[in-house]
Every structure is written in structure tokens, then in C-alpha cells.
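Student: Protein chains in written order, with the numbering used here: chain A, 1 to 364; chain B, 1 to 364; chain C, 1 to 364; chain D, 1 to 364.
Bear in mind the hints are in silico, worked out from the structure with no lab data behind them. Check each hint, because a few of them may be wrong.
The list that follows gives simulated cross-link-like pairs (lysine-lysine, DSSO-like), each with its CA atoms no further than 27 angstroms apart [what the hints assert, rightly or not]: (1) LYS211/B with LYS359/C; (2) LYS270/B with LYS49/B; (3) LYS310/D with LYS310/B; (4) LYS359/B with LYS310/C; (5) LYS49/A with LYS310/A; (6) LYS270/B with LYS310/B; (7) LYS359/B with LYS183/C; (8) LYS270/B with LYS211/B; (9) LYS359/A with LYS310/D; (10) LYS270/B with LYS8/B; (11) LYS8/C with LYS359/B; (12) LYS270/C with LYS310/D; (13) LYS310/A with LYS359/C; (14) LYS211/A with LYS270/D; (15) LYS8/D with LYS8/A; (16) LYS49/A with LYS359/D; (17) LYS310/C with LYS8/C; (18) LYS8/C with LYS359/A; (19) LYS310/C with LYS359/D; (20) LYS8/C with LYS270/C; (21) LYS359/D with LYS8/B; (22) LYS8/A with LYS359/D; (23) LYS359/B with LYS8/A; (24) LYS183/C with LYS211/C; (25) LYS270/A with LYS310/A; (26) LYS211/B with LYS8/B; (27) LYS183/C with LYS8/B; (28) LYS183/B with LYS49/B; (29) LYS211/B with LYS310/A; (30) LYS310/D with LYS8/D; (31) LYS270/A with LYS183/A.
Pair ranges (Cβ atoms, derived) [said to hold, decoys possible]: (32) PRO35/C with VAL169/D: 21 to 29 angstroms; (33) ARG99/D with LYS359/C: 25 to 33 angstroms; (34) GLU313/B with LYS359/A: 28 to 36 angstroms; (35) GLY212/B with PRO176/A: 42 to 50 angstroms; (36) ASP100/B with THR363/A: 29 to 37 angstroms; (37) THR363/A with GLU313/B: 31 to 39 angstroms; (38) ASP314/B with ASN168/A: 51 to 59 angstroms.
Remember, predicted model here, so these are calculated numbers, not experimental data. Every residue, glycine too, gets a C-beta built ideally from N, C-alpha and C.
4 protein chains.
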Amino acid sequence: MAGSIFGKWFRVTTWGESHGAAVGAVVDGVPAGIPLSAEDVQAFLDRRKPGQSKYTTARKEADIVEILSGVFEGQTTGTPVSFLVRNADHRSADYSNIRDIFRPGHADYTFFEKYGIRDYRGGGRSSARETIGRVAAGAVASKLLSELGIRLLAYTRSIGPHEISHVNVAEMQENPLYMPDAKAARHAQEYIDFALSENDSVGGVVECVVKGVPAGLGEPVFDKLDANLAKAMLSIGAAKGFEIGDGFAATRHRGSENNDPFAMEDGTVKKQTNHSGGVLGGMSDGSDISFRVAFKPTPSIARQQQTVTKDGEDTTVAIHGRHDPVIVPRAVVVVESMAALVLADAVLENMTAKMDYLKQIYTG
Amino acid sequence: MAGSIFGKWFRVTTWGESHGAAVGAVVDGVPAGIPLSAEDVQAFLDRRKPGQSKYTTARKEADIVEILSGVFEGQTTGTPVSFLVRNADHRSADYSNIRDIFRPGHADYTFFEKYGIRDYRGGGRSSARETIGRVAAGAVASKLLSELGIRLLAYTRSIGPHEISHVNVAEMQENPLYMPDAKAARHAQEYIDFALSENDSVGGVVECVVKGVPAGLGEPVFDKLDANLAKAMLSIGAAKGFEIGDGFAATRHRGSENNDPFAMEDGTVKKQTNHSGGVLGGMSDGSDISFRVAFKPTPSIARQQQTVTKDGEDTTVAIHGRHDPVIVPRAVVVVESMAALVLADAVLENMTAKMDYLKQIYTG
Amino acid sequence: MAGSIFGKWFRVTTWGESHGAAVGAVVDGVPAGIPLSAEDVQAFLDRRKPGQSKYTTARKEADIVEILSGVFEGQTTGTPVSFLVRNADHRSADYSNIRDIFRPGHADYTFFEKYGIRDYRGGGRSSARETIGRVAAGAVASKLLSELGIRLLAYTRSIGPHEISHVNVAEMQENPLYMPDAKAARHAQEYIDFALSENDSVGGVVECVVKGVPAGLGEPVFDKLDANLAKAMLSIGAAKGFEIGDGFAATRHRGSENNDPFAMEDGTVKKQTNHSGGVLGGMSDGSDISFRVAFKPTPSIARQQQTVTKDGEDTTVAIHGRHDPVIVPRAVVVVESMAALVLADAVLENMTAKMDYLKQIYTG
Amino acid sequence: MAGSIFGKWFRVTTWGESHGAAVGAVVDGVPAGIPLSAEDVQAFLDRRKPGQSKYTTARKEADIVEILSGVFEGQTTGTPVSFLVRNADHRSADYSNIRDIFRPGHADYTFFEKYGIRDYRGGGRSSARETIGRVAAGAVASKLLSELGIRLLAYTRSIGPHEISHVNVAEMQENPLYMPDAKAARHAQEYIDFALSENDSVGGVVECVVKGVPAGLGEPVFDKLDANLAKAMLSIGAAKGFEIGDGFAATRHRGSENNDPFAMEDGTVKKQTNHSGGVLGGMSDGSDISFRVAFKPTPSIARQQQTVTKDGEDTTVAIHGRHDPVIVPRAVVVVESMAALVLADAVLENMTAKMDYLKQIYTG
């Protein structure tokens, strides 16, 4: 497997399998001088911790992070930051009944076809536990960004057909679905409960908004800011779609509706609307960046499904392990973390956009 | 600007501005022994050529490609393949009225904010002419893939609200919109005509299907096949969304509907449905890969729009240059080319997935 | 700090400081199906372990490696292999007297100038302990190579003026300097003893030979095999020079002497001499690869030396910590490991050199 | 072939074969706002132009460079800079006698083994004409560096046994060997003349000195400044060795001799000697950077040499084409250009070393 490294300047390598000894990440390219503690990182990890409500897997993991390098006397030193989280509660026994079966909707079949070998215990590397490394790294990226006044907020936009009608952060913190609309959250919970009662699972949409982004981040051709966000989001397991600004709806609008007019406000250029979602020509345009990610329903369901064994025999399977009936609530912090990685990378890359910046740093 | 290089192994560098001397691309990492001629590449470029109907810009460009290196006696040699296309019809005069104005919906403002300098002539590097390099490189990637039995087809799925109800390749070749449904194409043309009559523009969706992909392409964590496709697609100017398989619709389905059952057919594993769009866990699953890209309406419109000058004064602008009223038809070949680049890269990367492959090549 | 990642396909990330909690490495891009155990890796690490003779630092470290991921049932799975080695004996107290001083010949000054922060304990990231990650990764690379019949051997070629006159592996294993010439080793030991008696240190040269390399590894322009070896070697602390084949001596030879004639032997092409050191035009030529690396004397010496404090005051310093009087013997396994990383990378990259290889894998 | 791209941030892609239509390069990652004209680049190219004395090949090439993109109104715009140089005088006929023969000391055999295809005309991609792209890119890098007060000077240090005893730039410009010591140059010319009279060729050493480098450039682990220089240098055809500072000689020195003492001078830290060659721990230490590159004798000689055909028959060959009897003089500007690429890359990378720099640019 290649492809466990993300980013060009702020480079994150994640490693670890669901039922191995541990999972973790290394971040290379962290500038020196960012205040950072294990608590900062733990706070992020706690947001994705399993076992917090009936809507998340019952697997119990303390998920206590250890920072092994790169921080000295409370600050990053410029050297790689290494994170370690031990896997505590890995009952491999749970998985023995599926060791020779390709679960529908999972990566079992593709993993086996690619490598000829498969760590069948809990999805191995395709497990949601892989995201622990992403979130730990995202915590560092978020600290970096907050030093520059850039703030991210992700939340659940919809579960099945139940979509929020407003964003109220206080409401979001009062439901296990991270929906910033209490009423929509209530309907969504009923919807999940009903699916669960039928041994089924559901999907939904996560939205993320980034505030305080200066204009000009992102590179105008292949490494557009929105292109990198799209990749980051589709790299999350179960993600099936990405849209920025008006997204797919923009395909049904006219140019005169979709274009955001510019006007001067207090001596600075301001867009009067934000159909673009904060990006023009692949670079941030100074407005809020706003995008959405589609997540399919959890593939692990307790219903009988038709499938095959790795020896090529037809069979059926029902997945009775400990699984989330909906991926979305725990994906919220992953979306936010991946967005932070993309933005931190863009912030670093943009440092070399013009000679004036180089002169400012080197010749004062 | 960084970010003019795409791919990890099949690496494409594009260069050139709309109104500079030329545009082009260099492809590093092309395996030796692929049959390739200038005609192969020209056939791709002709599909994106402007001036072919009233729905594309009236700019006249022969866009004749020259292959400057990497091909000897009709085959690739393993060395970089370099393409050159001279810019023939670049009337810079057309752009003098917008040299100090930030066009709404364009990259003028963000370019200026990032670099402090802007080649105002025709969008410079943000022009659709940048895609010439992508398409030339895509032609090489397509040749590579076709040697392995992998075939791509992109087409217009919808223009505004007018969506195809079937895919008929013959019908696609008979309308200037590349819609594989003659009736939808007719409605779409009327829709565009009406928008044009109001000095306005429209958007739409391009769909791409890839057949003959072996299972196991793509890397399971950050470099998922669908993540790389998402990046490739969002890197195309005016793209605002990406979805694979059931995409956003999957968020409203149950797990039991969305999971594709496996079954044995003639001794091989076959998925019975294809909600996944041909990718499971970031790796190709042996089914057709199928994805969609949302394009916003062309931002250049002949209507008066509110904007500002680069000196910070409010003003209005109407864009009277030669512009496509809809980007979608010319984006079709760009989508197909970018998909070919992603797949060629995945095909190369996968060569090292298992030790068996290395032994097969090195120790026979 | 960027630059803690090495390789393009076989990608190693090392992390950790001398006096932090641990050091380690992650290897991404390991093909599935290589037999690998912790013992394989431990055997490599034991070759660089401190405290084994009076010629190496008295620091005691068990340096027991833990493999945290990427291996299942005795084989690599294709997922990242993560290594962890805890730092046991890190007496930070030893370093308090140098915390505000820039040690001559060390990275203290440059680290401080670059980052504005310095982990003064034992050199931090510039410590030789960073090489633990390299050696662990090198063990994996060596396993991969050995599966293809490629074998590496590094040894001490000279200590100060004392150079070997022959290579006898048995003799090498009987002296703490890893010199494959018992007589030269004796003289070298006396030479070191004398320098130690004067509170001084010495340098030397490591040589590495790689056998069984097929022709054609390495890429002909920037990523020449010898260019990548040169980088790998100069990336080792205290390395000051690299030469391949006849190296600097070739500058005083004639073309007619330096060219290696080809001739047929048993139906295959064989070079009759090996002045090239096994590389022509940046690609392996089928002969043994043979190169040398120059190491400067250990900068830490117990003599008084002139220097400055970080507050800009002149002072003197004598380094009384636990240090090797000569770096060379412990560098031997590091040189071999770095060479293995370069070759493993080249072996993977070369899998995509020609279309024939792709057809062999994909279309059988 | 992969590996035609050099650098991480200042990324150069070269392309083109000796006897194809043209050669060139694209540079991605050039900051906006560097003054640049075709004349700046031409001045560099003229230093490597063939046909200037009896010591260089008689091949006549005007080698006029065209800048196709990335420069607008006399300044770089931030977009990729593309260079084109047409191949004028490519008499393929000259090479017909060697089309089926592997020339000793050349890349013919390795190229054929790697790709199964070989452009036999003049070495194809392994020709010295490939360096045109490097030198054009080096001209841009040198402009960038000169804006920051960093200046490079390369020259011939020795030809065969004839070494300079001083560096006088005026003397360097008066002999075709670029030796900054008139007397050594005289002896070197006699030495070459004698080798030529015997149909033979000679080698030599190029030295490069970089002044004005601030402390802290380079990354402390794998991407050490000297490691990247070593790679850059060994990537030049015919290079066989690299050393920095005292290099191989340092292996025979004591630590007390080799360490450079620090002392305060006019309120700043200054090294009192420069055995390190301007780099400590992989980062520039504020002294002049000084390194040497060994070049083997030109492999093309007019003497009979033993070799084989590609069909596996023993034969002999004498190379009567137009070739330099010594590579060194024309390699001087290539060494300087490659060093400029490495330093430009390091200057860009170092922009993100500390949070203070980011705050300076983003929050003023």
C-alpha cells in the first residue's frame, strides 16, 4: 500500500490496523513555535470516541493519545510530531465468522484482490480506527490555523431526508448527532431508531464552514483549494460525494444568479453573496469556505445479505459486531480535521507565492 | 504557483497562458513501448477545440499539437513526452477593457490577491486553454489504458434541468452538446438558446464511465481511487461538485439498499448491483466506475454586473468577449482525460502492491 | 522541519529525538507478502546498538523494537509498517551544561538559527538515535531485496590513514570496527586509542557493495541510482563525501582506462572491469554496485574548544558526555540500511519502466 | 522513465532528446515578481554552448532559448516558466554505425536493458543536451537567489593531475577551461592536447562556492542541504563523486582540527574556520558553502574498444562523432545551475520553518 501520506508541506502519515497493537500518525513539516499539548489533541480525539451513545459502536476504547516527539517545553520544535494510541478493546474473536467472507459494501473483496492477503479482523486498515491518526494530526493543523485567525466548524447537515434548517452551535452540542438544529436532530433520531429496529443503517451529509481565511490560498491549476478538499473528503471511508458552495444545485442556476458581485466595504473588497463557497479559480476568495460531504449508510448491518466466500462459494452473512448505525456523527470531526490539514498545507504553500514574501523574511 | 504537476507516477506538468506564445504539457513516467502518434493526440484535442458550434466560443484556434520528445519510431521510449500547441488567435485587445476590473465568478481577484501580479489577458493561466495540456496528456494515458483493456466514456448528463434518460453513443455524436439522448439534447439546446437571448449562461453535469477496470486499483487510505478522481475533477475550472456511484442520493438510502451483494458468475466474483460506482474502500471493485461532475454556469456573461476595480472602486462590467454560454460540452473530453490520468497513475502504482508481482518481473 | 520522509515508492518517515519518549519510523509502500518478524529487524538494530565496546558511547539502550502495524501472520500485508523503540537511558542532566552553548561541529547553532527553539538534550533530532528508524526500515528493505536475490554488504574501509587491503568477512566480524582486514583493524584501534588519550576523535570511510542487482535500476535523469545513493549517504550525520566506482580517482584517469569493455560470457553481456561501480548513465549495469562514504571525526571531544553562547558571548566548552570517539563503526549498518532503502525504491519504480511489464501483470 | 522532475517547491521538469525536435524545461513553483528576460537565460546557456573551442564538441548549435510562459511585462507571474530550445544541427547519420552497439562507458546498454527500446541517436535522453533545461532553470533560480543576496560561482578545480593553487575570477575568464589559475590552465591544456593526440580523453574536478547564504537553510534529516547538493551533482552525467568542505580529507583529520570554533564578531556569530564547507547538521551555517564534484573522462573516444552488439556478438568500436575530450569545462555552468536549483528550493522550504514567519506574512 502506498498512499498513507497526505499533504505536501504539512505531511501526515497514518498507520495502524483496527486490531493491531496500536494506531497513530506522524506529522512532518510542522513549523516550530506552535503551543501544543496532549490535551489539545485529546480534545479532538474525544469527539470521535466510540461508545458514547446508542448511535455509535459499543466498542470501548479510552483512546488516550501519547505525543512521542516534536514537542518540547509546550511548543512544537519543528521536528516531526508522532502520536500513539494503543488499541485496548480488540476482541478478534468477534470477527472469526467473517474471516473467509467478503462483506458487501466493505473493502474485504478489494483488499484481498489487491494484496492477496487480508487482515480480516475488524476491517484492518479500512477500519474507522485509521481516522484516529487523521484527527490527531488535524488537532495540530487546527492549532496552527487558529494562530492565524482561521477557524473551522463541521456539523451534521442531514441524516437521511432530515436536514437542518439553521445552524445553532449550542443546539449542536446537545444531541449525539452533532446537528445544529434540535428539531431536525429529533426527527433524525427517530429515523435512525426505526432503521435500527429493522436491522438496517442510514446515511447523511456533513457540512463544514471555515472562517477567517485570507484570499489567495490554494494553487490555481491542479492543487486548487477545492480540489484538495475534495480529495481529502473522498479519502474518508464511506464518503460518496463532495460539493462546494452551491455545488450540484449550481448546475441548474444561471450565470447571473451564480456569480457573486464584488463591492467595496470599509475600504476592502467584499463579495455580496457566496454562491462560490469561498473559492474562485481554486483560490480562497476571502468569504467563508463552505462545503458538504455525502456519507453512505453504514455497510455493516445485522440483516442477512447475499455474498461469496474467498474460496468462491455463494453464501449469506449478517454482521452482528459492534457497529455504528450511522457513520455521520463520528465523521464530523474527521471532516473538520481533514479540512484543517488541507488548509494548513495551503497556508504553508502560499508562503512562497511571491518574491515580496521571501524578501520580507530573508532581507527584512 | 506550485501545483501545475498532477499524478505521482504518470506525472503531467501543464504550462502556458491563454494569451502567451503557446500552451503545452510534459508527461514524465510514461512506460516505454506504447504506440503513439501525433494523430492520436490530435483526435483528443479536436474534441475540445473551440469554434465548433454556436455553443462554444468563436475564438478560432487550429490547436495543432507537436510532440517534441519521448516518441521514437512510433512508440514511447520511456522518456518524457512533451507537447506544444502555439496560441494562434490571441487578440489581447479584446481584454483591455477588463484589465483593471475583477470579473465576478472569475479568478481575477484571487489571482491578484495571491501574486500581486495578473496577466489580465483572457484569464491567463485560469483560461480553459490550460486544459489543452491535460487533454494531450489524457490521450497518452488513454492509449496506455486501452492496451490493458480499460476504456473510458464521458458525456453530458444534464444541462440545467434537462437530464438524459438513457445513454446512446450514436445519439451523443449527433449533437453539439455531447448528450447521449437526442431528445434531452433538443430541450437542452432550447434552454441554452433562451439563456443566450437574455445574455446569460447555464451549467450542467458531466458523467464518466470506465469499463474493464480490474479489481484492486487505488490505494486504501488517502490515495483512494475515488479521492484521486474527486481531486482531478474539482481541479477543472468551474467544477463545483463530484459524486461517485449513488453519491448524494446514497445519503437517503438504507444500508440494505446501498450494499451491493456479491455472487459467483461463471467462476468469478460479480457484484449484483453497482451502487458503489465501482469502488469499495477506495479500490476498484471490478464493476464499471461511474461518477458525475457538476459545472457551474459560465461566469462570463454579457449582462451588466456589479464589481470593483483593482484600485478599489465600485463599477459595473459586461463581458463581451468570445465565450461559451455553457462550459459543459467542452468539459466532456477534459473530464475523460483527467479520469484517464488518474487511472493510468493507479495502474502504475498498483504494480508494486504485492511481492508476487515483483518476483514475476525480476525472477521470472 | 520538513524532510523526515525518504523515498518515492518505499517511503520511510522517521521521527523522534534523542531524549524524548521514543524514536521510530513508519514505512509506507511495502509490498504485501514479504516474510517479516521483529527478530529480523532487531538483528539490524543490534548492529548499531551503543555500549558494545570502548569505541562506542557508553550510553546503555536495549533498543528493543516493537512492530506496531503492517505485519499479520508473519507477512507484510501491504499496509504501513510502524516501528517503536522507547528511549530508556536518557539522562538529560548530562546536557544541562551545554544548554546555552553552541557546540562546535554540531547542529546546535544551525538548529537554533532555523527554528528559534532547540531541544538541547543530546542533540535532539540531530542525534545518532534518529538512525534507529532508518535501520529498522532498512531491515525491511533488505528483506524485500533478498527475496529478489539482491544482497548488501557494508564495512569500514579506513579509519584515519589506516585502510584495508582486502575484504574478508570473517575478519570483519572479529573486530569492533567492522574492518574486513584484521591487520588494518589492529592499526586502526591503536590509532583511535592514541586519539582518545589526547581527548580527541577520528574519522574514516565506509564502503558498501551490492551484489545481484539486475541491469536497468535507477532513472536516467535526476533520479539516477547513484544520485539517490549520494543523497542517502550525505543525509547521514557527519558524512562529508560520496564516491562511486573509481570516484575522485577517475578524474586522473584516461577514458581508455576508465571505460569498462563489454564482452559476451555464457550468452550474457558482462563488463570486463568495473571502474563505473555498477552504474552507467544513472542505471545499474549488472556489475556489483560499489561506493564509499567519508565520515568526519566525531565533533564531541573532551578538549576545550572556543565557542559562543546563544546569548552571544564568547566562551569555551569541553564535551564530557558519553560519545563515540569515532562514528564509523556504528555508521556501517546505517550506510547499508540507507543503500537498501534506495535500492528497494529503485526496484519498485522500475516495475513501471515498460508496457511489457504492465501487460505481464494485468493481462497475463 | 520517471525522475525527470527535480526539486520539491522549485520544481524543474526537463524533457527532450539529443536528436529529437527540441529540448526544454518547465519550472513550477517560481514565486511571482522576479525580474526575468530571455537574455538572462541566454547568458547562462551561452556558457554551456558547444563549439566554442577545440576542447568542446564541434557540433554547432545556436541554442537560442524561447520563454513560452510564466513571464509577463518583464516579471515572473507565479505561473510555470516554460523554455524551448530547438535542436538545429542533429546529423543522425553520424550515429548509424553505433545503432546496434553498446558504447563502453555510456548508457546504451543500461537504457536498452531498462526500456527494451533505445533512441540510439546521440545518446538520446542521456546526451549532454539534456542539461540545457537544467541550465535554463538554473538561470531563474540564480535570479531568485540574487534578489536575496545569494551568489554562486563554479569553476574548474582540476583537470587530470593539474589543480589550481588559487581562485582568480579574471584568470578564469581568459581560458576555455574555466580554471581560475592561468598557470594551471596552461598545464591542463597541454595535458588534454596530449590525450587528444592519443585519441583519448581526460577527467577533472569542478568546485562551487556559494556566498551570502543565511544560516538555517536545509532540513535536518533526509533533506539536508548537502544531501540535496550531492544528489543534484551526481545526477549530472559523468559525475562520480561529491564532497563538501574538507570532504574525504576530513576522514584523516582529528576532531580538534576539523571542528570550526565559533566566536563573536561585530555582534554576530562567526565560524573561525570553514572545514564544514558551510553546512552543519544538514543546515547552512552562515559560512560560504563549498563543494567539489568529480567527473570521469569523456567515454566517447576515437580508439578501438572492445564491446558487444545488442544481438549479443563481440565486436569493437571507435567513436568518431563530435565529442568533448573533457567534460569538465562545459559542466561548470551545469554544476552552478544545479546548485542554484537546490538553494532556491531550500530558500522556499525554509519559509515555513517557524510560526513567526507565518505570522509575519499573514497577520503582519
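Student: Next, verify each hint and record whether it holds.
Tutor: Hint check:
Between LYS211/B and LYS359/C the CA atoms are separated by roughly 17 angstroms; this keeps the pair inside 27 angstroms, and the hint holds. For the suggested pair LYS270/B and LYS49/B, the alpha carbons sit about 40 angstroms apart, so the restraint of at most 27 angstroms is broken. The straight-line distance between the Cα atoms of LYS310/D and LYS310/B is roughly 64 angstroms, outside the 27 angstroms bound, and the hint therefore fails. Distance hint between LYS359/B and LYS310/C is unfulfilled; the C-alpha atoms sit about 55 angstroms from each other, more than 27 angstroms.
For the hint pairing LYS49/A with LYS310/A, the CA-to-CA distance comes to about 32 angstroms; that exceeds 27 angstroms, so the pair is violated. Restraint check for LYS270/B and LYS310/B: the C-alpha separation of about 58 angstroms exceeds 27 angstroms, so the hint is violated. Between LYS359/B and LYS183/C the CA atoms are separated by roughly 42 angstroms; this puts the pair beyond 27 angstroms, and the hint is violated. With a C-alpha separation of about 14 angstroms, the suggested pair LYS270/B and LYS211/B falls inside the 27 angstroms cut-off, and the hint holds.
A hinted pair counts as satisfied when its Cα atoms are at most 27 angstroms apart, and LYS359/A with LYS310/D does not qualify at roughly 55 angstroms. For the suggested pair LYS270/B and LYS8/B, the alpha carbons sit about 30 angstroms apart, so the restraint of at most 27 angstroms is broken. Annotation: proposed proximity of LYS8/C to LYS359/B holds, straight-line Cα distance about 20 angstroms (limit 27 angstroms). A threshold of 27 angstroms between alpha carbons decides the hint, and for LYS270/C with LYS310/D the separation of about 12 angstroms falls inside it, so the pair holds.
Restraint check for LYS310/A and LYS359/C: satisfied, since their Cα atoms lie roughly 25 angstroms apart, inside the 27 angstroms limit. Distance check on the hinted pair: LYS211/A and LYS270/D sit about 45 angstroms apart at the alpha-carbon level, beyond 27 angstroms; violated. Annotation: proposed proximity of LYS8/D to LYS8/A holds, straight-line Cα distance about 9 angstroms (limit 27 angstroms). With a C-alpha separation of about 33 angstroms, the suggested pair LYS49/A and LYS359/D falls outside the 27 angstroms cut-off, and the hint is violated.
For the hint linking LYS310/C to LYS8/C, the alpha-carbon distance of about 38 angstroms lies beyond 27 angstroms, and the restraint is violated. For the hint pairing LYS8/C with LYS359/A, the CA-to-CA distance comes to about 32 angstroms; that exceeds 27 angstroms, so the pair is violated. Our distance criterion of 27 angstroms between C-alpha atoms is met by LYS310/C and LYS359/D, whose separation comes to about 24 angstroms. Simply put, LYS8/C and LYS270/C have alpha-carbon atoms about 30 angstroms apart, too far for the 27 angstroms limit, and the pair is violated.
Simply put, LYS359/D and LYS8/B have alpha-carbon atoms about 32 angstroms apart, too far for the 27 angstroms limit, and the pair is violated. Proximity of LYS8/A to LYS359/D is assessed by CA-CA distance (about 20 angstroms); at most 27 angstroms being required, the pair is judged to hold. In summary, the hint linking LYS359/B to LYS8/A is not supported, as the alpha carbons are separated by about 32 angstroms, beyond the 27 angstroms threshold. Of the supplied pair hints, the one linking LYS183/C and LYS211/C holds, its CA atoms being roughly 26 angstroms apart against a limit of 27 angstroms.
About 58 angstroms separates the Cα atoms of LYS270/A and LYS310/A, which puts this hinted pair outside 27 angstroms; it is violated. This hinted pair checks out: LYS211/B and LYS8/B have alpha carbons roughly 23 angstroms apart, not beyond 27 angstroms. A threshold of 27 angstroms between alpha carbons decides the hint, and for LYS183/C with LYS8/B the separation of about 50 angstroms lies outside it, so the pair is violated. Between LYS183/B and LYS49/B the alpha-carbon distance is near 25 angstroms, which keeps this suggested pair within the 27 angstroms criterion.
Between LYS211/B and LYS310/A the alpha-carbon distance is near 24 angstroms, which keeps this suggested pair within the 27 angstroms criterion. A C-alpha spacing of about 38 angstroms is found between LYS310/D and LYS8/D, which places the hinted pair above 27 angstroms, so the restraint is violated. Straight-line distance between C-alpha atoms of LYS270/A and LYS183/A comes to about 34 angstroms, which puts the hinted pair past the 27 angstroms bound. The given range of 21 to 29 angstroms is broken by PRO35/C and VAL169/D, whose C-beta atoms sit roughly 59 angstroms from each other.
Look at ARG99/D against LYS359/C: about 26 angstroms separates their beta carbons, and that is inside 25 to 33 angstroms. The hinted window of 28 to 36 angstroms between GLU313/B and LYS359/A holds, with their beta carbons roughly 29 angstroms apart. Taking the beta carbon of each, GLY212/B and PRO176/A are about 44 angstroms apart, inside 42 to 50 angstroms as hinted. The given range of 29 to 37 angstroms is respected by ASP100/B and THR363/A, whose C-beta atoms sit roughly 30 angstroms from each other.
Separated by about 33 angstroms at the C-beta atoms, THR363/A and GLU313/B satisfy the suggested range of 31 to 39 angstroms. Separated by about 35 angstroms at the C-beta atoms, ASP314/B and ASN168/A break the suggested range of 51 to 59 angstroms.
The structure does not agree with the numbered hints 2, 3, 4, 5, 6, 7, 9, 10, 14, 16, 17, 18, 20, 21, 23, 25, 27, 30, 31, 32 and 38 stated previously, though it agrees with the rest.
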